[in-house]
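*Asks:* Protein sequence lines correspond, in order, to chains V and X.
Using the working numbering, read the first sequence as starting at 1 and increasing by one per residue.
Using the working numbering, read the second sequence as starting at 82 and increasing by one per residue.
All clues stand as given, with none of them false.
Derived pair list, reagent style EDC-like, types lysine to aspartate or glutamate, alpha-carbon separation capped at 16 Å:
(1) X/Lys151 with X/Glu86
(2) X/Lys276 with X/Asp229
(3) X/Lys151 with X/Glu88
(4) X/Lys209 with V/Glu46
(5) X/Lys209 with V/Glu10
(6) X/Lys276 with V/Glu13
(7) X/Lys225 with V/Glu53
(8) X/Lys151 with X/Glu260
Keep in mind the hints are simulated off the structure, nothing from the lab.
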Amino acid sequence: MELEQLSCQELVELVTDFVEGALPAEERDRVERHLDTCQGCRTYVEQMRRTIELSGHLTVDDVSPEAELALLEAFRGWRVS
Amino acid sequence: MAATEAELLDALRAGDEGAFVALVRDYHPSLVRVARMYVSSQATAEEVAQETWLGVLNGIDRFEGRSSLKTWIFRILANIAKTRAVREGRTLPFSALEDPARVPDPAVAADRFLDSEHPRWPGHWAVKPAPWPEDALLAAETRKRLADAIEALPATQRAVLTLRDVEGWSSEEVRNALELSETNQRVLLHRARSKVRAALESYLEQA
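All chains, full assembly: derive it from the sequences and hints.
*Replies:* Here it is, written out as structure tokens:
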């Protein structure tokens, strides 16, 4: 039985499961078939991938010097105890 | 962390300051971010993270390595943070996910699509997304907008997206640290990524 075609509005809700490899094979095929013929959704998926990639280039926060010092003090206290 | 976990544990137990500081630098910012899901202020989240390290030191001789060190540290954090949340009278962070009546925000605003009654193209793009210009994407200002969009997320979504996409944790590590089901981890990640993409799109369209 052929499943009904996905709409673009449905596809955008499946994008995370799709890029995470979490879709069952049948659903995955539906997404891929839709992407074969839909420029808008191909661009959308590409934007999602770029968003993830750019997030990976952000710098992670540093520990504040005060917090680090306080923890180091605690560590020294623990060591002698 | 270049050393293996066993070497790191030996160093910590032997009182090696360098090993401890390296561990703190690796995990402290994430501990604060995760704590922020449970408690009402940044200052309290910082306290919870500090308290977590004391729990780590006090428990390290008993740590048997049945889970990874990372998972163990985040479990300690979750316990401390939950106790605080209860004391503050707050509901626990993932309770809203269990509410069947809750209708989630769409990944893309409904008015971007043709009506579901449209004779030919129901639910198809009314306004298609346009490819992003590569040079604008790599600009420092875009990076700042991205960071701002992540910062503006609700605390649970922010924690999941930051651990997964900024820090590169696996979904399993995030699930273990946040005590989330696989499905809920993906639901939160989906909402977070969708909002961040939309924020970038709206910025890049004007740029």
